[in-house]
Amino acid sequence: MTAGAGKTPAPIAVRGIVNRFGDHVVHNGIDLEVRPGEVLSVVGGSGSGKTVLLNCMIGLRVPTAGTVEVFGEPLTGGVRERSRTTARHSGVLFQHGALFTALTVAENVGFPLRELDGFPRDLIRPIVNLKLFLAGLKPVDGERLPADLSGGMIKRAALARALARDPELVFLDEPTSGLDPLSARRFVALIAELRASLGLTVVMITHDRETLEAVSDRVAVLADRKLIALGPVEAVRQVDHPFIKDYFRDG
Amino acid sequence: MIALEGTDRIRLAGRFDPEDVADARRDLAAALGDRESDAVTWDLGDVERLDTATAVLLWQRWGQRRPARLQLPGHAETIFDRLAELGPEELHHAGRRDRGGTGPGWLETAPGVLQVLGRFVLDLLLVARRPALMPWRELSAAAYRTSVTALPIVCVVGVLIGIVLSYLSSLQLRQYGAESFLPLILGIGVVRELGPMLAAIVIAGRSGSAITAGLGAMRLTQELDALSALGISHSLRLVLPRTLALAITLPLLVVCTNIAALLGGMVSGWVELDLAPATFIAGLANDVPLGHLLIGLFKAVIFGLSIGLIACHAGLSAQANTQSLAQETTRSVVLAISSIILLDAIFAILFRSLP
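Residue numbers (numbering that gives the first Met the number 0), protein chains in the order written: chain Z, 0 to 250; chain G, 0 to 354.
Isolated chain Z, as found in the complex (with noise of 0.2 Å):
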């Protein structure tokens, strides 16, 4: 590889991942380098491991085998070192949304920035009903409890709060599950004009290939512990394997 002047470095570079519970092997080598600015799909069946792989990504796992690189930085160290290594590029939006149940809303997505940023007040509330309304909120609905949120309330908010530090990097995980079909193609329409916008780089474990189809510029699939695709939808789509022809098959 050629480390070019000015060229930036990949915001994820996963190389020769394995990860094992016990004699269960769940990856085999896995390499995979986001580029910056595109939205990369991962999919695959249930127990292929995305979750995991995510996890190793954020920093929440330490894998059995391989590295991760976040911007040219690797993680290192336990699993505090990692996510703390992250947590400065990205934010993640967890499957349930994981709000802080005791917080409101608007304290849920000030919370970054009063806890590790140290942020004044005053500055603190513009910045959250900012973030709100970029993900879709009103800046009243800060005043709520999470317990009084609908699905798609919660993903917005836990986006928000995913958005609250500016991160270059953001990792989805099932953005759109459990959302009826129009709050989800909502939320991929949103997800699709915040990275316009900002620049972002997506890295997404979804199930649903509307998602998928809507917003990805690559897919990387995941079956029988390795990486057997990774390129666009249409050219996945051509690969021979029984997964692939299952999950792209049509009706």
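Because the hints were derived from the structure by calculation, they are not lab data.
Cβ coordinates follow ideal geometry from the N, Cα and C atoms, glycine included.
Hints are supplied without guarantee of correctness; some may be wrong.
Which bits of chain G does chain Z cover? Going by a derived footprint, with three or more residues having C-beta under 8 Å, they are [as the list claims (entries may be wrong)]:
| id | stretch |
| --- | --- |
| 1 | 7-20 |
| 2 | 29-35 |
| 3 | 54-64 |
| 4 | 172-186 |
Assemble the complex: chain Z is given as a structure, and chain G must be docked to it using the hints.
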């Protein structure tokens, strides 16, 4: 980097990151001084990255609009467009949420607990007529959790209190040469008062809190809703077995606490007063009327019921957030222990004519 160039040109360049927002705020104030934002040219042309915090700071300085003379790089256009779209009022919206303080107190809780008690009695009558409705497995699991696993702690507490009580009494009794009264004093004290109280307080802290936290977590995970959706009564399926289990097991635990405390007292009496264990046991059997033991066990049943009902009521009234769960757990333990002490005082008056 924020710098004043000449007299009327403020130039921003380089990267602006969230870490440097305090510097940005200071530099901005220094560069602008007390001039109007329209009085200077804002040159942001060389900004590589503009974070939201700095953008918001600039926007506030500009009076929530773009200044007359402004040069923006393409990537920074969107954020100011969005700020303009949002509008000043929405941007600075800051509502407060009333969190309801520390949750309901004694008076608010009493009707709720009475309601749970009423349902409990009705469920008992229902189950008495149709025993098949009783969740027997749940009852047995609850009984196991509240008794067998609590045995070590109540026994340790019992032994220690027995030793302390016996030691302190014997110091006094020796002065009057009344050593032979030790079994009587210890027997009545432990069997009627201390045994039930100690066991009940330990169980309120241990099992009461567990019941509340368990039911509260079921609210968080929507398991309570799932039960309702299946048409299964919370009170029959959750409250009845837990409360009944406590009412059954607490008297049994009290028996163990009594034995442990009396054994502790016996050993202490043996060491301190040279009172032979056989004499102590014979003294217990002869001097302590059976009535005291029965009163103690009766109180234990009532304590068990009240711990169970309060814990279940608190658990079921938890809302679906972690703070409410914590509050309800605290309330459950505090109320259960206070009600035990209150009930004990009432029983002391009711049974004053008994042996």
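Tested hints:
Under a criterion of three residues with beta carbons nearer than 8 Å to beta carbons of chain Z, the stated coverage of the stretch 7-20 of chain G is upheld, 3 such residues being counted. Beta-carbon proximity to chain Z at under 8 Å applies to 0 residues in the stretch 29-35 of chain G; the threshold of 3 is not reached and the given coverage is violated. Counting residues of the stretch 54-64 of chain G whose CB lies closer than 8 Å to any CB of chain Z gives 3, which reaches the minimum of 3, so the coverage claim holds. Counting residues of the stretch 172-186 of chain G whose beta carbon lies closer than 8 Å to any beta carbon of chain Z gives 0, which falls below the threshold of three, so the coverage claim is violated.
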